[in-house]
Amino acid sequence: MAGPHPSWWTRLLLAALLSASLPGDMANRCKKAQVKSCTECIRVDRDCAYCTDEMFKERRCNTQAELLAAGCRQESVVVMESSFEITEETQIDTTLHRSQVSPQGLRVRLRPGEERHFELQVFEPLESPMDLYILMDFSNSMSDDLDNLKKMGQDLAQVLRQLTSDYTIGFGKFVDKVSVPQTDMRPEKLKEPWPNSDAPFSFKNVISLTEDVEEFRNKLKEERISGNLDAPEGGFDAILQTAVCTRHIGWRPDSTHLLVFSTESAFHYEADGANVLAGIMRRNDEECHLDTTGTYTQYGTQDYPSVPTLVRLLDRHNIIPIFAVTNYSYGYYEKLSSYFPVSSLGVLQEDSSNIVDLLQDAFNRIRSNLDIRALESPRGLRTEVTSRMFQKTNTGSFLIRRGEVGTYQVQLRAIEHLDGTHVCQLPEADRKGNIHLKPSFSNGLKMDVDVVCDVCSCELQKQERSPRCSFNGDFMCGHCVCNEGWSGKTCNCSTGSLSDLAPCQREGEDKLCSGQGECQCGHCVCYGDGRYEGQFCEYDNFQCPRASGFLCNDRGRCSMGQCVCEPGWTGLSCDCPLSNATCIDSNGGICNGRGYCECGRCHCNQQSLYTDTICEINYSAIHLGLCEDLRSCVQCQAWGTGEKKGHMCKECSFKVKMVDELKKAEEVVEYCSFRDEDDDCTYSYTVEGDGGPGPNSTVLVQRRKDCPPGTFWWLVPLLVFLLLLPALLLLLCWKYCACCKACLALLPCCNRGHMVGFKEDHYMLRANLMASDHLDTPLLRSGNLKGRDTVRWKTTNNVQRPGFASHAAGINPTELAPYGLSLRLARLCTENLLKPGTRECDQLRQEVEENLHEVYRHITGAQKLQQTKFRQQPNAGKKQDHTIVDMVLMAPRSAKQALLKLTEKHVEQGAFHELKVAPGYYTLTADQDARGMVEFQEGVELVDVRVPLFIRPEDDDEKQLLVEAIDVPAGTATLGRRLVNITIIKEQASGIVSFEQPEYLVSRGEHVARIPVIRRILDNGKSQVSYCTEDNTAQGNRDYIPTEGELLFQPGETWKELQVKLLELQEMDSLLRGCQTRRFYIQLSNPKFGARLGQPQSATVIIGDQDELDGNLMGQTLSSPLLPRGDLGAPQNPNAKATGSRKIHFNWLPPPGKPTGYRVKYWIQGDSESEAHLLDSKMPSVELTNLYPYCDYEMKVCAYGAQGEGPYSSLVSCRTHPEAPSEPGRLAFNVVSSTVTQLSWAEPAETNGEITAYEVCYGLVNEDSRPIGPMKKVLVDSPKKRTLLIENLRESQPYRYTVKARNGAGWGPEREAIINLATQPKRPMSIPIIPDIPIVDAQGGEDYESFLMYSDDVLRSPTGSQRPSVSEDTEHLVNGRMDFAFPGSANSLHRMAVSNAAYSTHLSPHLPHRMLSTSSTLSRDYHSLTRPEHSHSSTLPRDYSTLTSLSSQSSRLAAGVPNTPTRLVFSALGPTSLKVSWQEPQCERALQGYSVEYQLLNGGDLHQLNIPNPSQTSVVLEDLLPNHSYVFRVRAQSQEGWGPEREGVITIESQVHPQSPLCPLPGSAFTLSTPSAPGPLVFTALSPDSLQLSWERPRRPDGDILGYLVTCEMAHGGEPATTFLVDGDSPESRLTVPGLSENVPYKFKVQAKTTQGFGPEREGIITIESQAGGPFPQLGSHSGLFQYPMPGEYSITTTHSSTTEPVLLDGLTLGSQHLEAHGSLTRHVTQEFVSRTLTTSGTLGTHVDQQFFQT
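Numbered per this note's numbering, the sequence shown spans residues 187 to 1937.
Hints were generated in silico from the structure; no laboratory data involved. Hints may be right or wrong, so weigh each one.
As the list claims (entries may be wrong) - Straight-line distance between alpha carbons at most 25 Å, and here's what the computed SDA-like set of lysine to any residue pairs gives:
id: 1; residue 1: K1172; residue 2: K891
id: 2; residue 1: K1467; residue 2: D1450
id: 3; residue 1: K578; residue 2: L1747
id: 4; residue 1: K1065; residue 2: D1113
id: 5; residue 1: K1459; residue 2: Q1838
id: 6; residue 1: K407; residue 2: R302
id: 7; residue 1: K891; residue 2: T963
Claimed, not checked - Simulated restraints on C-beta separations:
id: 8; residue 1: R347; residue 2: V591; range: 47 to 53 Å
id: 9; residue 1: G708; residue 2: Q1221; range: 53 to 59 Å
id: 10; residue 1: R245; residue 2: N678; range: 17 to 23 Å
id: 11; residue 1: D1028; residue 2: E244; range: 21 to 27 Å
id: 12; residue 1: E570; residue 2: E614; range: 33 to 39 Å
id: 13; residue 1: G701; residue 2: E1182; range: 55 to 61 Å
Positions of the beta carbon are idealized from the N, C-alpha and C atoms, including for glycine.
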């Protein structure tokens, strides 16, 4: 060995300094890697080096610094060298008008895991050359768009001139593939698909890019529209040809390329061409295929391109797309545009008249965005670009400033492992290549990159069969590499020789070195870097005894299979302290002299319940149970009786002494007296001494017993038996003789009153006070209680909703649903069965589930049982101590009847397979109903029926359940009260109570843990919750004082504090339990007074000293930072296995060292590791849950301990199991004829695996949507073929269509639609194929405009009807329309006048009659019910003048002024688009136009639209806010002026993006809804100047009600309005209003204040009029109804009570201006009475008057 070497201590010091300065991972990875060659070593880590020095004795693979420090010569160290070289760099010239980058070329060689950072400069000039190519849809629906574009050529040029002086402009057109079914292939249609149109084509380059704007305009004027069949167009073909045909289009190399794509339809994409043409098309080759005329020629042989293909090609050719689309297809292109790095999206108007403005906005947005992407990057390299100058957007682009040179930081990294494989083991194409780092507008930077994976040069210069290696190996890199069969440093040991192997084989084993090492030269070399030891590697240093889960109790080390304990500790697992400090009693002695100290614990000589841990007697406990404990021993020793008589008596620890007399009770420790069961005599004894049952205690027993005297009482039972013998014989005859039983049952004495029935007939429950999801309903048996009776019962949910059952019937019958099942086992219930996790509970649960599965597996589709629990059923008769088992069985919805029959059969048999059950009891609960049976044993009078309450969040505010006793299958009882109604009222929560945070850290020195509890007030009232503590690692009465109680929040309180007293740490705890983290839980429960629990409702309290909380304890909390890395090895043999569709089991072998836990990282394969989830585990395995089905995950694990965190293991990949797919996307129908349709559907949103097939079913249905005959099934076994042509359907018949998908896990749920082809439009419909699409553009009838319908909610029409039928709830139609103000609906009266009317009424105690100013009949058209020209108001007394003057004003519109529009219809066109339609009002003069006003309901800008065309009765409004309520007002104008307005309130509800509540999700359903006003106003006069106003809660409040705003003002003005705020949300609210004036009409308005703002108003006008008379009673008035007052001093005159809400009232709405009635009065008495009485004039009799108001 040549050259000087440093001394050994110098090397040691240098190595120590290097180890301290290097991170643990870097220092350990090279040294601990199991490598066999130089090449393997230098590939472990970028810092690893290899020593080839022949004389080097240390480990050859290490870091370069440690190798040098250990004595390896510098020239013998082999390392990989990286390089970085700039090959081309030209400085940026800012005077040039083109995009530039610097540098332009690099050559980089990186080691695995190495990173390089460099800067890239990019310049974008203020003005640069620009090429604009317009690509337009030429289908027939774009004809008006083409006309507008022809007129705007000059405007386009003007916009381009504003941006740059160097521009070109071009034009192309597209339609679709000229093939079936995209195009009508009939010869006449191929020539001219539409009148005055061109033949169909796929894509044609009409005008190449040119500077001549005039040429562009002239050529454009010559173009004509074309056409196709299906709505999605072939625009993707056109985009691809535009990008790759650079020469034909005329793209210039240094200009900005902009492509404007204009259409109103969706798009076809890859596989659509193959699908519809049975797979004859091949994949698009991405080449240019334009002929000399610029026409695309390969449309019939190549498929459409995919979205990733377009993104890649447009990026390669520097083309930026601008999508100009209409509102109908905006959602599809919004998602498409997000895939492009830089793009723009704008909404075209229907005729493209705004395209110039749209392009100008798009240009400005694009010019300010720059995207830099790494193209063609090898898989083994990663590139990331950041900037300190410019902000990065969510899409990854930068917001730049043009004209400046931007500087960007580029990070280039070579990864070490890819999918668990080292990068050097990947193909060369994955680690070497040319990366194109490309900005949006320039060619960018070319990088020649390579991952260094060189082979060590010394391996290429090896000496084969070297004499240094005994000619048995090769000398390479400074050491011998032995041939097979030889080992040792010089290869002188034969591994195949028995003489060499024998010393390595342990006697009785067949493996060398116990399978845990290698045999080298006759001795074992163990694996595991110190894990295995011993002559034969037979000891595993990870398998020593453990205490509390720690190896050797963490108080020693494992060596040769045994624990070597630290000083002061002993025992097999080092769990015994040598000190006796924990055994010292309060007197300073050891174990109170009653035992000995061993292993830190006292072992008492006489162990009993009354001695503590240091053998001290607990006298307070002695007195509680001493007599009972000594009883059996006293009996057996004194008289040989009792439980311990015989041999067990020897176990007693004391001897008794018999005496004649005992001392008095006050003179002894305990005086005891018991009755001896053997002779019925009483014996007594006393206890003296220390009171413990041991040798120090004296038990004195009185020799004489007290026995009762002998009598003849034994004769009494005999006489009773003889008297009852006849009755007993009769009972046996009844029991076992059916004939006798039937005969005796006829006797009145035997069957009198033998009846069963429910105890109550109605229960009223409040949801916020309920403690469980069931109700025990008592069932009584009266009369003769002899014999056994069983009663079958059933319960039905939501009986208050009549249509609920039919709605539930439409659910997919094959869909799995949970069924609750309860049975009574033939075994008694024990305490252990009620504790989940006990051995007895687990064994019985397994037995129950296995046996029941054997029974129910015969039901098709039934799954295994789950959620098995045991309980007892109180009030269950003589069998209430039996075990009740509750389970959940997943089975198809259609299997309910089969499950019920099978359950009843086996309950009657008393066994389910081998499981014995007690007959007479079961419960089977389905989704909305339940059935069961209960049993009355002999002598039992009352049994509870456990009724499920079906508590659901979507329940109505007041729902009803019906419980019914069905029959008595066994027994002779008859049914009495059969029905029970249960009403559940769901009230608004008054407050939400929760903890502030889920964890609290408390120092033990604080003595008290103070935990805050907060309340969020919704309704200012009281709130109460219960709390209790629960042990975890902290134990009650050892670490803290357990506590429980209730917290009461008074009105206005929002904060409370829980206090838990902490205990001092005892010395024994510190020695035995060490510094373990102590924590306990506090749980909130049982909210009352309308409170609700929020999150978190459980808090963890962590106890520790301050240094613990600041130190290692913080490493155990979730919020703590990661521990520093230390000298721990990586976990070995990581293994992952999927255990379900959403679970993965991940396990590993513990690493060397002393880990205290493990940290697991896992993420979706392909995602960045920065998005990984973290899990902590104390065991070497973990269960990953809540994963995605059929998804690849990557994971790794590291260990951590007191030293820090060790290195991570190698990556492991695992894929979860598939799960049944979701339902397919919405169904689309392309109606070819009345008997032929093309059905298409989208792929399921959640495939959960690889889709293998689809099943399409269709069949006839009747008007009730019930099937007529069998359904026809078609299996589509090509998963990409998602279309089907169905022919020969019956004309004018509705069909039901269903589609479902299948993957490896089975069939998913169905997507359903019902459609009648005869009602559909005859023209080709605008139906996009993907992703979520409408079914049909239904053509309405005379009163309806066109509106969109969707497969989620199909509106059915009666046969032969041209108008769709409207559901009963006209306020809520899915993706449909809202129709306001049907004739007779209650709306604002001054805005709803049908025709001129006047109605005046006054209720007076003076007159027994009423004057009606009317003389017309109630006509079918519900026109004027009163006519002022026949008014008799002149004959009314003076008291009527106020009302008459009020009602006469504006009672008739001026001549020629139009009436109110008679109908207001809303049609939702999208989540932000609405069509408003109305009917032309009546008017004597010609109409001149309309005015439409709208604004947000809770305030905002007022928008007004003036429509000068009187024939236009609809308008489309765009850019509305989703989930916001708008109020609309429409009125008409004539030459005489404006008429009254029609008003309606509407909301478009839709799903929105979580981060952007004003942006709807593309493709999501949208729903029309309207808020409602408070219920009718009721007035009650209290005094001459005050009244009480009451109203009901709105039916649809549009949010949570916070209170009400009440406004009071004089009807004719004169004084400012007064407002009142009423808090709370109750079914009926009241308000007392003082300070009013007599004989003055007041107008009241009430509107609800909700979380969404203020709702619509309910109005009412009232007058308190002075009268002469007696006492004044309370009088009320209801909307549209008038109450006849009793004689009194005051009366109330109601003018009207109205609302802007479009509801239908069953009756009449009476007001000061007119009277309207519902279109179909449901109470015929009302209709008959009104039609007969309203035609009269004069007076009405009292009898008829009362009849009217009763009606």
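I'd like to know which numbered hints this structure contradicts. Please list them from smallest to largest.
As far as the earlier hints go, 1, 2, 4, 5, 6, 7, 8, 11, 12 are violated by this structure, in ascending order.
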